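Each residue of the sequence shown is one higher than the one before, counting from 605 in this note's numbering.
Because the hints were derived from the structure by calculation, they are not lab data. None of the values given here were measured: they were computed from a predicted structure. Please note that a few of the clues may not be correct.
[Claimed, not checked] Within a straight-line C-alpha distance of at most 16 Å, the following computed EDC-like cross-link-like pairs (lysine to aspartate or glutamate) qualify:
1) 938 <-> 958
2) 763 <-> 882
3) 689 <-> 882
4) 762 <-> 721
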Amino acid sequence: MPSRLHIFVSSARHVTNSSVFISRFIASHLSPLLIHLSYFVIFDILGFVALMALKPSNPNYTPRYIDMLFLSTSALTVTGLATIKMEDLSSSQILVLTLLMLLGSEMFVSLLGLVHELSKQNKHDPEDSRVRSVTVLNESQVEEAIPATPSTNSNGLKKSCLKYLGFVLVAYMVTILLVGSLLVFMYVTHVSTARDVLARKSINTVLFSISVTTSSFTNGGLLPTNESMAVFASNQGLLLLLTGQILAGSMLLPVILRLVIWALKGLRMTKVKPEEFEFMMHNTKAMGLNHLLPNLQTVFLAVTVTALTAVAVTLFCCLNWYSAVFTGLTSSQKITNALFMAVNARQAGENSIDCSLVAPAALLLFMAMILDNSFLSAR
Numbered sequence: 605m606p607s608r609l610h611i612f613v614s615s616a617r618h619v620t621n622s623s624v625f626i627s628r629f630i631a632s633h634l635s636p637l638l639i640h641l642s643y644f645v646i647f648d649i650l651g652f653v654a655l656m657a658l659k660p661s662n663p664n665y666t667p668r669y670i671d672m673l674f675l676s677t678s679a680l681t682v683t684g685l686a687t688i689k690m691e692d693l694s695s696s697q698i699l700v701l702t703l704l705m706l707l708g709s710e711m712f713v714s715l716l717g718l719v720h721e722l723s724k725q726n727k728h729d730p731e732d733s734r735v736r737s738v739t740v741l742n743e744s745q746v747e748e749a750i751p752a753t754p755s756t757n758s759n760g761l762k763k764s765c766l767k768y769l770g771f772v773l774v775a776y777m778v779t780i781l782l783v784g785s786l787l788v789f790m791y792v793t794h795v796s797t798a799r800d801v802l803a804r805k806s807i808n809t810v811l812f813s814i815s816v817t818t819s820s821f822t823n824g825g826l827l828p829t830n831e832s833m834a835v836f837a838s839n840q841g842l843l844l845l846l847t848g849q850i851l852a853g854s855m856l857l858p859v860i861l862r863l864v865i866w867a868l869k870g871l872r873m874t875k876v877k878p879e880e881f882e883f884m885m886h887n888t889k890a891m892g893l894n895h896l897l898p899n900l901q902t903v904f905l906a907v908t909v910t911a912l913t914a915v916a917v918t919l920f921c922c923l924n925w926y927s928a929v930f931t932g933l934t935s936s937q938k939i940t941n942a943l944f945m946a947v948n949a950r951q952a953g954e955n956s957i958d959c960s961l962v963a964p965a966a967l968l969l970f971m972a973m974i975l976d977n978s979f980l981s982a983r
């Protein structure tokens, strides 16, 4: 038994070292574009194979290869498009889609970019610190050489800031996913109307909570129900929970990220030095994270998102208040659904109403908001 354990530990160590070597080799010999492309192609193929290997919940349904490939690509690229009925998929297939949406989310890919940047910093450090020659200097020459340290300190400061920013992103993402899933689970289990919908569709409550939270936070748009969130149009609490998660993972992410860093600096709950906080806050471009914006741009972004959402909700309500879109809903439920649709038009692509009943002018409004979101993302 000890020999088998030793063999297992040695094999695990060998696999780990090999994986680290391969990842460092790829990171140092391939361009960021090729790494990005290879990442998506590999996980797209793996997702397709997993979806085809797992059996659907409907025994009468036989998925086509092209449908599963399209679904895997849609989940990984968080586009929210599907050519099949989601309720025909099994719980295992839903979990695969949930994982693909997480791996392809903008935040997770940005986190991988930080790791890649940090690996390059670690690679350059040994070269900078290696002793190539020794020169004997007199005292005056030593005094003249002392000021030549700011660049080295700056590189070390950037490296420590990259590590800290990576930890903040991981903690933020894990917190939103865990707390969001827990809140959705508690809501569904305590509200009979939402619970009855899942019972009628034979959807596991835990699976639904995890899947819908991940889909909303990553802006994936793929949900376990055929009707997206339209079957929960009267559940205001659930729609508001998902609206907050969608914003936290998309356009308001730079705002929340800066608030988190500012709060951690004020609370002094970490070992990060004040100069490291200042470096992160005033050298956003040097950090290489698109979601970390300067102060003024962050304020403009918050104001823009709030204003556009308010305008969209107002126009949507004015155009559809007495139409069949809001049939059977109270005034507060209509406003909640309008808010949910306004946020999703710019972000995740989920819907809580029948879009075929929406007024043509409102559809044009949604198209304009989608284009506006693409413009802001490009900026």
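Evaluation of the provided hints:
no.	hint	result
1	938 <-> 958	holds (13 Å)
2	763 <-> 882	holds (14 Å)
3	689 <-> 882	violated (50 Å)
4	762 <-> 721	holds (10 Å)
The structure does not agree with numbered hint 3 stated previously, though it agrees with all others.
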